[in-house]
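Take a look at the letters that make up each chain.
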Amino acid sequence: DQQVKQNSPSLSVQEGRISILNCDYTNSMFDYFLWYKKYPAEGPTFLISISSIKDKNEDGRFTVFLNKSAKHLSLHIVPSQPGDSAVYFCAADNLFFGTGTRLTVIP
Amino acid sequence: KAGVTQTPRYLIKTRGQQVTLSCSPISGHRSVSWYQQTPGQGLQFLFEYFSETQRNKGNFPGRFSGRQFSNSRSEMNVSTLELGDSALYLCASSDGTSGTRETQYFGPGTRLLVL
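Listed in order, the protein sequences are those of chains A and B.
Position one of the first sequence corresponds to residue 1 (my numbering), numbered consecutively onward.
Position one of the second sequence corresponds to residue 1 (my numbering), numbered consecutively onward.
There could be a bad hint or two in this list.
When the alpha-carbon atoms are kept at most 25 Å apart in a straight line, the in silico PhoX-like pairs for lysine-lysine are as follows [unchecked claim]:
# : chain 1 : residue 1 : chain 2 : residue 2
1 : A       : K38       : A       : K56
2 : A       : K71       : A       : K54
3 : A       : K38       : B       : K57
4 : A       : K5        : A       : K71
5 : B       : K13       : A       : K5
6 : A       : K38       : A       : K71
What follows is a set of in silico ranges between Cβ atoms, one per label pair, in the way DEER data are often shown [stated by the list, open to error]:
#  : chain 1 : residue 1 : chain 2 : residue 2 : range
7  : B       : L11       : A       : P40       : 17 to 23 Å
8  : A       : S28       : B       : S22       : 33 to 39 Å
9  : B       : T53       : A       : S51       : 36 to 42 Å
10 : B       : T14       : A       : K68       : 31 to 37 Å
11 : B       : G84       : A       : P40       : 18 to 24 Å
12 : A       : P40       : B       : G62       : 31 to 37 Å
13 : B       : F69       : A       : K56       : 24 to 30 Å
14 : A       : S69       : B       : Q17       : 45 to 51 Å
15 : B       : L83       : A       : M29       : 32 to 38 Å
Chain B regions said to be covered by chain A (calculated; three or more residues, Cβ under 8 Å) [as the list claims (entries may be wrong)]:
#  : region
16 : 27-41
17 : 103-109
Calculated directly from the structure, the hints in this document are not laboratory data.
Since the structure is predicted, the reported quantities are computational estimates derived from the model, not experimental observations.
Heads up, the beta-carbon is just placed ideally off N, CA and C, and yes, glycines get one too.
Make the full structure from the sequences, and use the hints.
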């Protein structure tokens, strides 16, 4: 039973445009959400996080939005760069992870 | 600071054997978590150790066990290997003061193939 879901296995975006990656969760008790990105042959690296008491957190080109009523979070990358091409995982409390979305940024 | 290291990086075993994986956390980190990544399943949480004690546990059978030493290094053991145990095993470390609700730093993983 997947408590965190990323329904889009892949996403392609033109360089300079916005990338929006989505994540849904089922348990309203989750307290802390994180996004990690993963390059091939490397472990995931932390990107950005958000506490359940907030609805937005911004760090440079990356913004995470949390909609608690919809149990939905999204990661916005603006502007997208070719180096952003990777697999992105969302996580709840680092206990439940989505299956990942492969982002490809086309130059 | 040196990052999280995992040994070995690759391992081939046969069904029924056991395997031990090792993880050295970032210096000063007291929490070590283990994850299993298989195609289509994302990362699945195995367990977390903090100050030599298992603090959190995922939904895996008892064949999966771990331990943590006084220097925070951790080992994970899988006994009676099954074909379905073939996966990338990731270790992550963190300060540990907020349980698992804090940024984790991942190692490169150990890729285990069970034949």
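Hint compliance check: list the failing hint numbers for this structure, sorted ascending.
5, 9, 10, 13
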